[in-house]
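Using the sequences provided together with the hints, build the complete structure.
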Amino acid sequence: MSEPFLPPIGMLAELTHRCPLQCPYCSNPLELLKANRELDTQTWLDLFSQAADLGVLQVHLSGGEPTLRRDLEQLIAGLSARGVYTNLITAGVGIAEGRIEAFAEAGLDHLQLSFQGARPATTDRIGNHKRSHDKKLETARRARAAGLPLTINAPIHRHNIEEVPEFIEMALSLGAERLEIANVQYAGWALTNRDALMPERDAVDRQAEIVAAARERLTGIINIDFVPPDYFAIYPKPCMGGWARDAFMVTPDGTVLPCHAAQTIPSLSFERFGPRSLSAIWTDSPAFNAFRGTDWMQEPCRSCERREIDWGGCRCQAMAIAGDAAATDPACAKSPIHARMAMLIDEAQRAAAGPVKDEPFVYRRIGVVTEPA
Amino acid sequence: MMALRERALVSLRSVPSLPRHVRIQYDPVRQAFAVLSPEKIFWPNEISLDILRRCDGRSSVGHIIADLAAEYDAEQEAVAADVIAFLQEWSDKLLVKL
Chain A
3 MSEPFLPPIG
13 MLAELTHRCP
23 LQCPYCSNPL
33 ELLKANRELD
43 TQTWLDLFSQ
53 AADLGVLQVH
63 LSGGEPTLRR
73 DLEQLIAGLS
83 ARGVYTNLIT
93 AGVGIAEGRI
103 EAFAEAGLDH
113 LQLSFQGARP
123 ATTDRIGNHK
133 RSHDKKLETA
143 RRARAAGLPL
153 TINAPIHRHN
163 IEEVPEFIEM
173 ALSLGAERLE
183 IANVQYAGWA
193 LTNRDALMPE
203 RDAVDRQAEI
213 VAAARERLTG
223 IINIDFVPPD
233 YFAIYPKPCM
243 GGWARDAFMV
253 TPDGTVLPCH
263 AAQTIPSLSF
273 ERFGPRSLSA
283 IWTDSPAFNA
293 FRGTDWMQEP
303 CRSCERREID
313 WGGCRCQAMA
323 IAGDAAATDP
333 ACAKSPIHAR
343 MAMLIDEAQR
353 AAAGPVKDEP
363 FVYRRIGVVT
373 EPA
Chain B
1155 MMALRERALV
1165 SLRSVPSLPR
1175 HVRIQYDPVR
1185 QAFAVLSPEK
1195 IFWPNEISLD
1205 ILRRCDGRSS
1215 VGHIIADLAA
1225 EYDAEQEAVA
1235 ADVIAFLQEW
1245 SDKLLVKL
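Chains as they are written, first to last, in the working numbering: chain A, 3 to 375; chain B, 1155 to 1252.
Hints are supplied without guarantee of correctness; some may be wrong.
What the hints assert, rightly or not - Short derived list, chain A residues pointing at chain B, Cβ under 8 Å:
| no. | residue |
| --- | --- |
| 1 | 9 |
| 2 | 59 |
| 3 | 60 |
| 4 | 85 |
| 5 | 87 |
| 6 | 111 |
| 7 | 112 |
| 8 | 151 |
| 9 | 179 |
| 10 | 223 |
What the hints assert, rightly or not - In silico DSBU-like cross-links for lysine-lysine, where the CA-CA straight-line distance does not exceed 35 Å:
| no. | chain 1 | residue 1 | chain 2 | residue 2 |
| --- | --- | --- | --- | --- |
| 11 | A | 137 | A | 36 |
| 12 | B | 1194 | A | 239 |
| 13 | B | 1247 | A | 137 |
| 14 | A | 137 | A | 359 |
| 15 | A | 239 | A | 359 |
| 16 | A | 137 | B | 1194 |
| 17 | A | 336 | B | 1194 |
| 18 | A | 137 | B | 1251 |
| 19 | A | 137 | A | 239 |
| 20 | A | 336 | B | 1247 |
| 21 | A | 132 | A | 359 |
Simulated from the structure, these hints should not be mistaken for lab results.
From the three backbone atoms N, C-alpha and C, an ideal C-beta is built for every residue, glycine too.
Written out as structure tokens, the structure is:
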């Protein structure tokens, strides 16, 4: 190892793959797990307890739609008892009366609510769920009434990039402390739908200007986090802050992964919590050690002065585009195949300019396994 | 509709507190105090921690400055500039409420 071994700080718990929405850019894998594969309450509580022992300070409760778990209150209470900061990541559709208050009561620290559009028609179309926008607005109001701090999450792509100014206004009007303008990452379902989701260059440039101006204007009023789109980038993102460096995630059946899309790397195999302890997986699992630190790097990463800033970028994007999980993320201008990103953007633009399809997306559904284009 | 919120500016009369989404917690694994917030975790140094701990919703900035100057045996003016700059920065990130 080229640096001291660190305990993990953050954990993303995908409690379920079930979800009322069908967003075509979902970060869940194409092969979704059914309810009968989900860990039971006690196993999640054991896992959370081991995570806290290991040094995890923050758990993001996600899915699918985590509120579909009837034991969510119990899980929050378990984390809260260990002093772990809890963040609920929800689509905010179909949450029963009284539950948001119960989450707050159980010790929930923060709620993050996704909006697929700033306009009702966009939200309903992207999530493929009627009247979902109204339900989300109601969830935001209930969260605020329960005293919960609120982040609005806006996943951005071709079909809502022009709504960025409206997203900002909406987040302000809902009393959110934070807004995430997060351009879709092309892994999971988003990779399948890449051509349909890829924004145009002009729109990406306009978006960057709008967000920069809003951040300046709204300093001290709302925090705006901006995740720029990879394919238009010069440097890659330090995916997960570096592979297995200070965060990990767990799938509904207890498989422990360094990141969402790690299972797309065929040379790696991942272990499940239960048969092995979390500590053993974090420290000894060959998959976690595969791209830890900088020793695994090839050129141009190996001698790059940014190697401990970017950590080589995204391993899954290297796998998907370069065909080698140990390659430099092609989003990096120093990657020998960086030009392929521009070609993929152009390809998507040509597809978008072609004949209009009735159904532009492969919607996320259990049982629809599609190979990436 | 734009919200009616405005950027808060630190004055000696401000009474800072930590908002509900921010908390200071001792981490036994790393043997250090962490500031937990929705997406980020901060590891404040000793002086930052001394300021944040005094953001109790009762003490004014003026009082905090006098208190810290006494504790560090330092000039009030120098302490004031540092404390005000720190609190403005943290307020701008919505990590401290004024």
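Each hint tested on the structure:
1. Restraint check, residue 9 of chain A versus chain B: the minimum CB separation of about 5 Å is within 8 Å; hint holds.
2. Hint status for residue 59 of chain A: holds, given a least beta-carbon distance of 6 Å to chain B, under 8 Å.
3. Given the 8 Å rule on beta carbons, the hint for residue 60 of chain A holds: about 6 Å separates it from the nearest Cβ of chain B.
4. The beta carbon of residue 85 of chain A comes within 6 Å of a beta carbon in chain B, closer than 8 Å, and the hint placing it at the interface holds.
5. Interface restraint check: residue 87 of chain A against chain B, minimum CB-CB distance 4 Å, threshold 8 Å, status holds.
6. Annotation: residue 111 of chain A was flagged as interfacial toward chain B, and the flag holds, the nearest CB pair being 6 Å apart, inside 8 Å.
7. Because the closest C-beta pair between residue 112 of chain A and chain B is about 5 Å apart, less than 8 Å, the hint holds.
8. Interface restraint check: residue 151 of chain A against chain B, minimum CB-CB distance 3 Å, threshold 8 Å, status holds.
9. With a least beta-carbon distance of about 5 Å to chain B, the hint placing residue 179 of chain A at the interface is held under the 8 Å criterion.
10. Evaluation of the residue 223 of chain A hint against chain B yields a held restraint, the C-beta minimum of about 5 Å falling below 8 Å.
11. Straight-line distance between C-alpha atoms of residue 137 of chain A and residue 36 of chain A comes to about 25 Å, which keeps the hinted pair within the 35 Å bound.
12. With a CA separation close to 16 Å, the supplied pair residue 1194 of chain B and residue 239 of chain A stays within the 35 Å bound.
13. With a CA separation close to 29 Å, the supplied pair residue 1247 of chain B and residue 137 of chain A stays within the 35 Å bound.
14. Distance hint between residue 137 of chain A and residue 359 of chain A is fulfilled; the C-alpha atoms sit about 29 Å from each other, no more than 35 Å.
15. Between residue 239 of chain A and residue 359 of chain A the alpha-carbon distance is near 33 Å, which keeps this suggested pair within the 35 Å criterion.
16. At most 35 Å may separate the alpha-carbon atoms for a hinted pair to count; residue 137 of chain A and residue 1194 of chain B meet this at roughly 29 Å.
17. For the given pair, residue 336 of chain A sits about 29 Å from residue 1194 of chain B by alpha-carbon distance, which is consistent with the 35 Å threshold.
18. Restraint check: the Cα-Cα separation between residue 137 of chain A and residue 1251 of chain B comes to about 30 Å, which is no more than 35 Å; the hinted pair holds.
19. Note on residue 137 of chain A and residue 239 of chain A: the hinted pairing holds, with a Cα-Cα distance of about 33 Å set against a maximum of 35 Å.
20. Among the hinted pairs, residue 336 of chain A with residue 1247 of chain B is consistent with the structure: their alpha-carbon atoms are about 33 Å apart, no more than 35 Å.
21. The suggested pairing of residue 132 of chain A with residue 359 of chain A holds, with an alpha-carbon distance near 21 Å, which does not exceed 35 Å.
In this structure, every one of the numbered hints holds.
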